[in-house]
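Colleague: The residues making up each chain are set out below.
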Amino acid sequence: MSMTMSQKILAAHANLDEVRAGQLVMADLDLVLGNDITAPVAIKEFAKFGIDKVFDRKKVALVPDHFTPNKDIKAAQQCKMMREFATDKEIENYFEIGQMGIEHALLPEQGLVDAGDLIIGADSHTCTYGALGAFSTGVGSTDMAAGMATGKAWFKVPSALRFHLTGKLGKWVSGKDLILHIIGMIGVDGALYKSMEFTGPGVASLGIDDRFTICNMAIEAGAKNGIFGVDEVALAYLAEHCERQPVVYAPDEDAEYDATYEIDLSQVRPTVSFPHLPDNTRTIDEVGEVKIDQVVIGSCTNGRISDLRIAAGILKGKKVDPRVRTIVFPATQTIYLQAMEEGLLKTFVESGAVVSTPTCGPCLGGHMGILAEGERAVATTNRNFVGRMGHVGSEVYLASPAVAAASALTGYISNPETIEEK
Amino acid sequence: MKAQGKAFRYGDNVDTDVIIPARYLNTSDPKELASHCMEDIDATFVDKVSDGDIMVADRNFGCGSSREHAPLAIKTAGISCVIAASFARIFYRNAINIGLAILECPEAVAGIKSDDSVEVDFSTGKITNMSTGESWSAEPFPPFIQKMIASDGLINYLKKEVLV
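As you go down the protein sequences, you meet chains A and B in turn. In terms of our numbering, the first sequence is residues 1 to 422. In terms of our numbering, the second sequence is residues 1001 to 1164.
Hint data in this document are derived by calculation from the structure and do not stem from the laboratory. By construction, the Cβ of each residue, glycine as well, lies at the ideal position given by its N, Cα and C atoms. Don't take every hint at face value.
[What the hints assert, rightly or not] Residues from chain B that face chain A, not an exhaustive set, calculated with beta carbons under 8 Å:
| no. | residue |
| --- | --- |
| 1 | V1018 |
| 2 | T1027 |
| 3 | A1088 |
| 4 | E1107 |
| 5 | I1149 |
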């Protein structure tokens, strides 16, 4: 046999000894996810099955995180519909405001993701869980409805690109810079329909939060999923959060890849995606003078505790530029509390930033940080499409928490290497 | 089955945020979504589109968010088929799942301009530019997906094939 990690997980869940790229399979799901934007459409579709129950009330997760706390009456109606469905179907993993977090940070933290799992979510960034050695991918609401009803989904088995990592990232360089660098290299459709598999000795130096960030943005290269092998770092995270036993898949030695990219992590520079595509990247050395109006630190991409520590490390004892609205949003309540206990939230507030409840709001131009015409934001989020964070004439520059924090201090896109730590 | 209409021509990487901006996702009403379809890259689309018209775009159509609201808005606006050089994968499966016809055919895309009259024969995959007389053949869907389309989408297919 010669299968990639992703192919092995699909084969196991389709009850097949072997699958090959291009094959269509029907596979059993370990988890089906939806949020307050996608679940209402799925709930309407689910009704068409004419059945009373979901396939497994423990294997459905519903997270009202996008337009919550409810931004307007229509959003409130959508959340109400989801809440009533969760109650009616006795969904175990429904997370109300107070327990809620941004879905892709929340689910692993709550132990709902295990190595070897097959997960679909009606949200494109569902690919995040590949950091823990799961095959997870974004789908639409109809797939979510079908998944809730049958516990199954259809998949076209993907071929794969391999990213062989060596070396170690520099001090102010993070997983975000690496994935932006990769997207810049292969393009927004460079991994279309494929898996992105991250291997090599460089992986060991990447913390779990960096791996979540990297897999999270696999979709921005068009990928079906991103996935890391399961090593001690992943196993330690799983031991802390997930009660189930991990099922570890490694690629076969003769697994076939469409291409292999060698990346020396020590050569990766802080990287920024200019408007209006994630692949429009420049290293921090090539950015030039870009004046900004807002900084957003958070999201399913970069709202984890490591991200907040990096940002707070740069902001500590300093003031953000008074013209720059700096908005920090921890991704979950647990992260929020941890940031509070570590004094990070105090650092943010003292520096002139605001700290928001967990929400996807600003990332997708929903609420809590919308841009006006002509305004520019540096954001640790994942997309910089036209109108993504507000007015069609506004601009989003994607960057790491370190670059975002450094930029908040100066009012221009800035290199964290030039900021003196206190 | 055939579709015929005028072409709305777009470029590479038409993302789901421009197909239906997130500020309108506080509803799942297809008609309301359709009334804002393509608003951020083509403000006149909604006024100009007629039932049966055809959307034609270059590479990676529908990239970005998984929002099914995007193919739903396009379908409800009256578009009968989207022809692209390639589709982003979530959009591709969403379109099939909800019964919006899509065809991948870079050659046809290269030969169609805005407002050309285009005919699509779904049974053969033949695409004809009635304005120029040129025609092309799109790659047919694999049998599994054809069955799903014949069942009028994923839910009906599963009801017939999986839940029995």
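Colleague: Kindly indicate which numbered hints from before are broken by the structure, ordering the numbers from low to high.
Modeller: 4 and 5
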